Every structure is written in C-alpha cells, then in structure tokens.
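Go ahead and model the full structure; you've got the sequences and the hints to work with.
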Amino acid sequence: MNLENKVKKEQWEVLQKLKEESYRTVSGDPIQHWVNFDFFGPGLSPANEAKALEKLEELGAIRIVTQGWEYE
Amino acid sequence: MSNRLFRIEILQPRFDQLYGEYLSLFGEANTDLQTPNERTIFPDSLIKSLPKDVGEVCKEFNFSFSNNKPFSSMLLLRRLLPLSIVRKFQKIGKEDEIKQDDDYFDTKQLLGKVQIHLKDKRIYKEIIDYKLLLDSSQHSYTFNPVITDVEGAAIKLRVLLEDFFVDLVLNT
Numbered sequence: 095m096n097l098e099n100k101v102k103k104e105q106w107e108v109l110q111k112l113k114e115e116s117y118r119t120v121s122g123d124p125i126q127h128w129v130n131f132d133f134f135g136p137g138l139s140p141a142n143e144a145k146a147l148e149k150l151e152e153l154g155a156i157r158i159v160t161q162g163w164e165y166e
Numbered sequence: 040m041s042n043r044l045f046r047i048e049i050l051q052p053r054f055d056q057l058y059g060e061y062l063s064l065f066g067e068a069n070t071d072l073q074t075p076n077e078r079t080i081f082p083d084s085l086i087k088s089l090p091k092d093v094g095e096v097c098k099e100f101n102f103s104f105s106n107n108k109p110f111s112s113m114l115l116l117r118r119l120l121p122l123s124i125v126r127k128f129q130k131i132g133k134e135d136e137i138k139q140d141d142d143y144f145d146t147k148q149l150l151g152k153v154q155i156h157l158k159d160k161r162i163y164k165e166i167i168d169y170k171l172l173l174d175s176s177q178h179s180y181t182f183n184p185v186i187t188d189v190e191g192a193a194i195k196l197r198v199l200l201e202d203f204f205v206d207l208v209l210n211t
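If you read the sequences in order, they're chains G and A. The numbers in the working numbering rise by one with no breaks, and the one at position 8 of the first sequence is 102. The numbers in the working numbering rise by one with no breaks, and the one at position 10 of the second sequence is 49.
If you are wondering where the hints come from, they were derived from the structure by calculation, not from laboratory data. Small disclaimer: the values here were computed from a predicted structure and weren't measured. By construction, the Cβ of each residue, glycine as well, lies at the ideal position given by its N, Cα and C atoms. Be a bit skeptical, because a hint or two may be false.
Stated by the list, open to error - Subject to a maximum C-alpha distance of 30 Å in a straight line, what follows is the list of computed BS3-like cross-link-like pairs (lysine-lysine):
#1 G/LYS145 with A/LYS108
#2 A/LYS108 with G/LYS100
#3 G/LYS113 with A/LYS108
#4 A/LYS108 with G/LYS102
#5 G/LYS149 with G/LYS103
#6 A/LYS98 with A/LYS152
#7 A/LYS87 with A/LYS147
#8 A/LYS147 with A/LYS160
#9 A/LYS158 with A/LYS98
#10 A/LYS147 with A/LYS133
#11 G/LYS145 with G/LYS102
#12 A/LYS130 with A/LYS91
#13 A/LYS158 with A/LYS147
#14 A/LYS133 with A/LYS87
#15 G/LYS103 with A/LYS108
As the list claims (entries may be wrong) - Facing chain G, a subset of chain A residues (Cβ under 7 Å, in silico):
#16 PHE45
#17 LEU50
#18 PHE54
Stated by the list, open to error - Partner residues aside, some chain G positions facing chain A, computed with beta carbon under 10 Å:
#19 GLU107
#20 LEU112
#21 PHE131
#22 PRO140
#23 ALA144
#24 ALA155
#25 THR160
#26 TRP163
Below is the structure:
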C-alpha cells in the first residue's frame, strides 16, 4: 500500500467510527469522539487519529466544534 | 489517563461523498467493526461438566473468540491451562502432588505432572506445542496472534478438558 492510501485508510477508519457514533447522537447535536492517548497497540495510533480528524475537517467532511483534554 | 474529547459536526453532503469514496477503496472491513463469527469452541455440554471457575473462563473465551479478539482470547487460554490442571488434581484428591512449599507448580511443571492422568497421552505433546504460542502472546512483543492461531490452541485445550472432566458413559 502506498503512503497516500495508508493515510486514507486511517481517515477511513475514523470516518466509520464517526458514522457509527452519529447513529447514537441526537439529531442536531455534535458527535462526541474520544481519543485515548494512553492507548498503545496495533492499529491506528491516537496521534494519527487526531491528525485524521484534522484532515477530515480540511476535506470539508466535518467541523471540529471544540476539543479539550481530560485527565484521570 | 489522558483523553482528548472532540465535539464534531458532520458536514453533509461532503461527509457521505467522502464515505462512499473510501468505501469503494477499502470496503467495510475494519478491525473494530468486524462481524462476530458464529462459532464457539467450548460447547455448553462441555461447560456443564467443568468446575465452575473453569467453565466461566470458557464462557468468557467463547465471547472473545466469537468477537474476533485474538489477544484477549489467547490470554484467557493461558489462564485456562494451569487452572484446569489444578482443578483436575483437586478432583482426584492429589493436590499435594502439584505443590511445593504451599505454592502450586508453574504451568510447565503442572503439565509434566498431569501426563500420567491423561487417558490419551498424545494430548500432552499437542498441548506442549501450543504452550509456546500461548506464552508468546503474553511475553513476546513481536508476536501478534491472529484468530486462527487462537482456534488451533483452543481446540487442543478443549480436548484436554474433555479428557480431564468428561466421564465417558457407554449406553449398553
């Protein structure tokens, strides 16, 4: 897989999560999407997930209304 | 722990347009959204014959396996192996044989001890081969088990459990 498709696949993974979450969210409300920065393992890293969200915003598919950190 | 919360508004029609474009590129396959498989390894008929805690681990394994979770499935198998041997020795009243200074032997020693109590001795050899796989799932940082690895190991353990706990009754 070339680099472009690798990055697009990351965006695809995030798009699917957002689509799923949109079905759980009341119409008109913003979707709440959590990224866990303590997660290390196979698959999409949290840093790349955050970047994918920013890229999807640039592509005009979403608008990030707010973002913030929560610590436990 | 640190989590980042994004509040996101979906912008139509661009979102659906991009979704369709990526769908045609990559298809629906996604590790987080896999369809659960319908198969389980440990049938209810076997679970009913097992000590309660061994049966609970089997049920939890069936859930993990049917949801295509190889890591958690492997770790449950790793738990199941020594637990079932200890329960077997307790069942036959020979728990003292697998203890030293009030501690149970490790899994490898437990397997060595249980050999003579197996009806089918080939099971020992097969389980030993899979023990490396089970151990690697916990201790190796380069080994990534897949669901077919899990299935192979689990079937061997199922045979072991049947040997341990299912009494063959012949209807004459």
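Hint-by-hint comparison with the structure:
With a C-alpha separation of about 27 Å, the suggested pairing of G/LYS145 with A/LYS108 holds against the 30 Å cut-off. Between A/LYS108 and G/LYS100 the CA atoms are separated by roughly 23 Å; this keeps the pair inside 30 Å, and the hint holds. This hinted pair checks out: G/LYS113 and A/LYS108 have alpha carbons roughly 22 Å apart, not beyond 30 Å. Restraint check for A/LYS108 and G/LYS102: the C-alpha separation of about 25 Å stays at or below 30 Å, so the hint holds.
In summary, the hint linking G/LYS149 to G/LYS103 is supported, as the alpha carbons are separated by about 12 Å, within the 30 Å threshold. For the proposed pair A/LYS98 and A/LYS152, the alpha carbon gap of about 27 Å is at most 30 Å, so the pair holds. Of the supplied pair hints, the one linking A/LYS87 and A/LYS147 holds, its CA atoms being roughly 27 Å apart against a limit of 30 Å. Annotation: proposed proximity of A/LYS147 to A/LYS160 holds, straight-line Cα distance about 16 Å (limit 30 Å).
Restraint check: the Cα-Cα separation between A/LYS158 and A/LYS98 comes to about 25 Å, which is no more than 30 Å; the hinted pair holds. The hinted pair formed by A/LYS147 and A/LYS133 meets the criterion: a straight-line CA distance of about 18 Å does not exceed 30 Å. Between G/LYS145 and G/LYS102, the direct Cα distance comes to roughly 11 Å. Compliance with the 30 Å bound is thereby established for this hinted pair. With a C-alpha separation of about 13 Å, the suggested pair A/LYS130 and A/LYS91 falls inside the 30 Å cut-off, and the hint holds.
As the CA atoms of A/LYS158 and A/LYS147 are separated by approximately 19 Å, the hinted pair is consistent with the 30 Å bound. A C-alpha spacing of about 23 Å is found between A/LYS133 and A/LYS87, which places the hinted pair at or below 30 Å, so the restraint holds. Restraint check for G/LYS103 and A/LYS108: satisfied, since their Cα atoms lie roughly 21 Å apart, inside the 30 Å limit. A cut of 7 Å between beta carbons decides the hint on A/PHE45: the least distance to chain G is about 5 Å, and the hint holds.
At about 6 Å, the closest approach between the beta carbon of A/LEU50 and any beta carbon in chain G falls short of 7 Å, and the interface hint on this residue holds. The criterion of a C-beta within 7 Å of any C-beta in chain G is met by A/PHE54, whose closest approach is roughly 4 Å, and the hint holds. Below 10 Å, beta-carbon pairs count as interface contacts, and G/GLU107 has one with chain A at about 6 Å; its hint therefore holds. A least Cβ separation of about 7 Å between G/LEU112 and chain A falls short of the 10 Å threshold, and the interface hint therefore holds.
For G/PHE131, the interface hint holds, since its Cβ comes within 10 Å of a Cβ in chain A; the closest pair sits about 5 Å apart. Interface hint status for G/PRO140: upheld, as the beta-carbon distance to the closest one in chain A is roughly 8 Å, under 10 Å. Because the smallest distance between the Cβ of G/ALA144 and any Cβ of chain A comes to about 7 Å, under 10 Å, the interface hint for this residue holds. A cut of 10 Å between beta carbons decides the hint on G/ALA155: the least distance to chain A is about 4 Å, and the hint holds.
A least Cβ separation of about 5 Å between G/THR160 and chain A falls short of the 10 Å threshold, and the interface hint therefore holds. Annotation: G/TRP163 was flagged as interfacial toward chain A, and the flag holds, the nearest CB pair being 6 Å apart, inside 10 Å.
Comparing the model with each numbered hint stated earlier shows that all of them hold.
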